[in-house]
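Model the placement of chain B on the given structure of chain A, informed by the hints.
Given next are the chains, with one letter for each unit.
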Amino acid sequence: MIEISDLVKFYGDKKAVDHISFTVNRGEILGFLGPNGAGKTTTMNILTGYLSATSGTVKINGHDILEEPAAAKKCIGYLPELPPLYLDMTVLEYLKFICDLKSVPKDQRIRQLAEIMRLVRIADVSDRVIHNLSKGYKQRVGIAQALVGNPEVLVLDEPTVGLDPKQIIEIRNLIKTLSKNHTVILSSHILPEVQAVCDRVVIINNGKIAAIDTPNALSHKLASSSKLSLIFEGPLKDVTSKLRTLPGIIAVTPVIEKDGHHQIEITVDPKMDVRKSVFFALASNSWPILEFRSMDPSLEEIFLSVTTNEEKKRR
Amino acid sequence: MLAVYKRELLSYFRSPVGWIAIALYALLGGFVFSNSMSANSAVNIGDELGFLRMVFIIVIPLITMRLFSEEKKNGTEVLLFTSSVPLFRIVLAKYLSALTLLLIMLSSTILHVFVVLFMGGLVNASTIGSFIGFIFLGAVFVAIGVLASAITENQIIAAALSFIIILGTQLLQAIAVSAEGIVVSILNVANVFRLSVETINKVGENVAAGINWLDPYTRTDSYALGVFKLSPLVFCLSLVILFLFLTYRILEKRRWSQG
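First to last, the sequence lines map onto chains A and B. Be aware that the first sequence starts at 1, since it is given in this note's numbering, and climbs by one per residue. Be aware that the second sequence starts at 1, since it is given in this note's numbering, and climbs by one per residue.
Just so you know, these hints were derived from the structure itself, not from any lab. We put the CB at the ideal spot given by N, CA and C, even for glycine. Don't take each hint at face value.
As the list claims (entries may be wrong) - Label-pair restraints from in silico Cβ distances:
#1 A:S134 x B:S15: 18 to 28 Å
#2 A:N132 x B:I110: 55 to 65 Å
#3 A:N150 x B:A125: 48 to 58 Å
#4 B:K73 x A:L236: 29 to 39 Å
#5 B:F245 x A:E115: 40 to 50 Å
#6 B:P86 x A:T177: 30 to 40 Å
#7 A:N150 x B:K73: 28 to 38 Å
#8 B:R254 x A:L119: 49 to 59 Å
#9 A:N150 x B:Q173: 57 to 67 Å
So that you can see chain A by itself, here it is in the shape it has in the complex (with noise of 0.2 Å):
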């Protein structure tokens, strides 16, 4: 569906892109994950046709993006970091405009619109001139806009950023309904939200590939720094001492200590589950355990594992 080969961008010295390739199958929802800088958005630009690459070639449904614009566009529904919304229009009078640039044939268009505004949830705001409308119905309107004319491919730079947390699960929700009739590329900073929706990630830091696999699989080859936090109640010597002899217990780093509650961080062989044993390690002596759960890994931290354990394979 999307063939991405070894595209470069340069500003100025700095390489934006470094050599990126990769391929989206067909109704596949691809993450793209990488901090702020690392050159998502530009290569989502040089996808979509807004920026050229300095080299390498992008093919959409077999179109090349420089050589067939107007056919490899045609495919694409694009969002942008910034929704491209006229602010002095109403949601119904841009989404028309929309209708008008992507030439969608003037018998369909209501029953297009109509359908996008009730999957993005935007027909109760239809006749509101956008500049009055919050972060997140302008994000849905973006959205709208992206879906206009069904394009095969939806490309989503950042689509839930700046958006509250209920908000935020409603447009994954949006996501995974759209990824049955469409092919999804999207960008984000926030790990779960990719593990939420993506069915492969790709990793990229410093305007490379760092990994692409599928969200399990990475947490996977995490697992070798997994991590648990423990809140308890009682001496912190005792405990800490007690949990260094349980087997599968690494190291025990104590984090906090507040109102008489320890907090503790705990590092486990990712090969043993030792929940069971910590638990009634603390029980058996009557220290309360206020708190326990496994710590989600950061994005550094993927990075480093990733990137450290891409060094390894190359030693």
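This is chain B only, laid out in the frame that chain A set:
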């Protein structure tokens, strides 16, 4: 392309810009008209239009400044450039929308023509010629404004830029005269080529003629006399194409830019 044109033209009337431009032009036009009517008891529409050229200096930057700069600033540029509409059509659509607003603006002067006719005044080939020449000038200046707006994402800078260029063309005749003087006096003082006085004067004249050649006002003057020559049309059309082409290249370059 029609979509962009329509949106652009309508957006003039969603914001105060379109209304202000029309009102400003109608006000100044009406002022000039009524003034010359009370002073001379007869009005030459050609003279009125000649005076109203001054209004271009303010009105055209006003209506062109946001065309591309605002799109870039609001991020809506992405929408247009990733649509399947080719870039040159987008440039053309924006240009035509501003030109249309200009024509709507000028329609208030047509009202003056009717007043003149009603009062038994003279409306002849020279009046129509003045109108055509006026529209040609406007068309060139709108193209300059479009170019200025593509250069920067700051509307004020875009307006200032087109203001300066349009003002510059108004002063072109004066510039030609002083350039002639400067060239002649420099050659007289530092006569390295050992030229005769006649040759020096000739050089000066040619410099002035060269600058005047560029002047769209003197170019379209013949129309105001009722002489419909092809050359002003070709000249103005070429300028419009040149400026729109430059606009296109600037926008295209931005895509490829590595800076």
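- Task: Hint by hint, work out which the structure violates, then give me just those numbers in ascending order.
- Result: Checked against the structure, the hints that fail are numbers 2, 4, 8, while the rest are satisfied.
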